[in-house]
Amino acid sequence: MHAASTGSTPDIAGRRDFSLSLALAVVVGVPGYVALAGGYTLDSFLLLLVVLAAPVFLVFTYAFSYVAESTRLQQRATSSAIDEYFEFSEAGMASFYRARGTVPILSFVDAYLAGRMTPRAPHHLLDVFAHRHAWATFLPPVSRAHLLLRHWLDRLPWMDKVWPRTGAHDSIQLERAFYQGYLGRTSGLLYGRITDIADHQEEDEGDDGDGPLEQMQDAALRWICSKLELSPGDRHLDLGSDGGHLAIHAARHHRSSSTAILVDSDALALATELAERHQLSRGQVLFICADYSTVAHAQYDKITWINVPDPLEEERFGKLLADIHGMLTDDGTLFLQAGGLRHAWQLEDWNWAIFLEQAIMAHQGYSKPLHWYVQKLEQAGFCVKHAENVSVHCAATFVHWYRNWEAHREEIVAKYGERRWKIWAIYLAWAAAVTKQGTMQNYQFVATKNNGTTI
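Every letter in the sequence shown is one number past the one before it in my numbering, and letter 305, counting from 1, is 313.
For the record, the hints were derived by calculation from the structure and aren't laboratory data. Keep in mind that the hints are not guaranteed to be accurate.
[What the hints assert, rightly or not] The calculated label-pair distances, taken between Cβ atoms and stated as ranges, are: (1) E419 with G326: 31 to 37 Å; (2) D299 with A45: 37 to 43 Å; (3) F104 with S234: 51 to 57 Å; (4) A298 with E419: 29 to 35 Å; (5) S234 with A71: 49 to 55 Å; (6) E237 with D299: 50 to 56 Å; (7) D338 with Y70: 53 to 59 Å; (8) F104 with S273: 40 to 46 Å.
Glycine residues also receive a C-beta, built at the ideal position from the N, C-alpha and C atoms.
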């Protein structure tokens, strides 16, 4: 089993160093200078502005990135970590990167997928990404400039209306068996929680599996139910926690009347089988296979919305929150879990977003910071009672998911191919690193109706 690796994560250039006002001045100034030098009319200037805005902005962005990275590398120790962490299949590539002492992180991704670079034993991808600041540079390749531009445009709120934030790559649209290669017995995207489980053995007796991942996920279920103050007889609606485990846990341990909305028929079959194994009746837990935006409205005491889909259009998110508000009783409670990217971005964040956009899911790198979720909850009529950044727990979960993925390598490669296994190995290892440092953040909110009731 791999040791959990920890590497230094120095502060690198990012939003605090990037001058958006200077960038806009350059974007306007370059076509303005061309128009003045050529004696063009105002109409010609506006046309030049439209044509040159994107390329000028990208040139400015790359110039900023190059200067920032050059400064960081000059301040770093000169010893190279290339030979420590990597093996090369081509002597020319090895000599090139040894001479430079660094590898652009997305160039490593490409070389790893092509089999030209591999982690040197005893290191593995968790080590490689945990210690990426020792060997990596974060200047995005020019070949991905269009993805960098799209990442910038994605941050504009009105871009929701220009292109919908939907659509997935083929690697996302896979059968459940693919994801079981790393999710474990829950078969759902349930992040765990780091805690001492020794005091909960009696409560957990009879739960399936006793590995560290499952123990963390059971701890997360307990935490969610405790924050909800779930009580016997509470009418509980669960949205988004694939596999029905939260609803089953609530019905078993808190005697609630739980309804879970599941994403597909496979999840429905697995959840039904698990409920029968625990001898839970339909009156205790009910599963519905549907898009939760189409579920008939009813009144619930507690609603859990785990793993808000990313991407999700701003307008639709607000509508779903309004629907949830209408389904809660006046003294009801909402538990919401959602992910986002930090507002104070750094150069690595661009590379991470580009990788997600290109290899995992379109617009996956488009996420919102904490204040956006609080604003949307308040606009929908909620009062936020509790907000927590649970990224450290999610990072630990990604480590366990990566280990599961390594353990199932042969069967995944046999069925889906080496490249697809490698893509998701990179995703899980890199996600563990960037979630721990705060690039990719995960939030939990507890909210009640802001209607004059006691909060």
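The hints, checked one at a time:
1. For E419 and G326, the Cβ-Cβ distance of about 42 Å falls outside the hinted range of 31 to 37 Å, so the restraint is violated.
2. Separation of D299 from A45 is about 56 Å and departs from the stated range, judged on CB atoms against 37 to 43 Å.
3. A hinted range of 51 to 57 Å for the beta carbons of F104 and S234 is consistent with their spacing of about 54 Å.
4. Restraint check, A298 to E419: a C-beta distance of roughly 32 Å satisfies the suggested window 29 to 35 Å.
5. Checked against the hint of 49 to 55 Å, the pair S234 and A71 passes, with Cβ atoms roughly 51 Å apart.
6. Look at E237 against D299: about 29 Å separates their beta carbons, and that is not inside 50 to 56 Å.
7. Checking the proposed 53 to 59 Å range against D338 and Y70 shows it holds: the Cβ atoms sit about 54 Å from each other.
8. The hint said 40 to 46 Å for the Cβ distance between F104 and S273, and at roughly 51 Å that hint is violated.
In summary, the structure is inconsistent with hints 1, 2, 6, 8 from the numbered list given earlier, while agreeing with the others.
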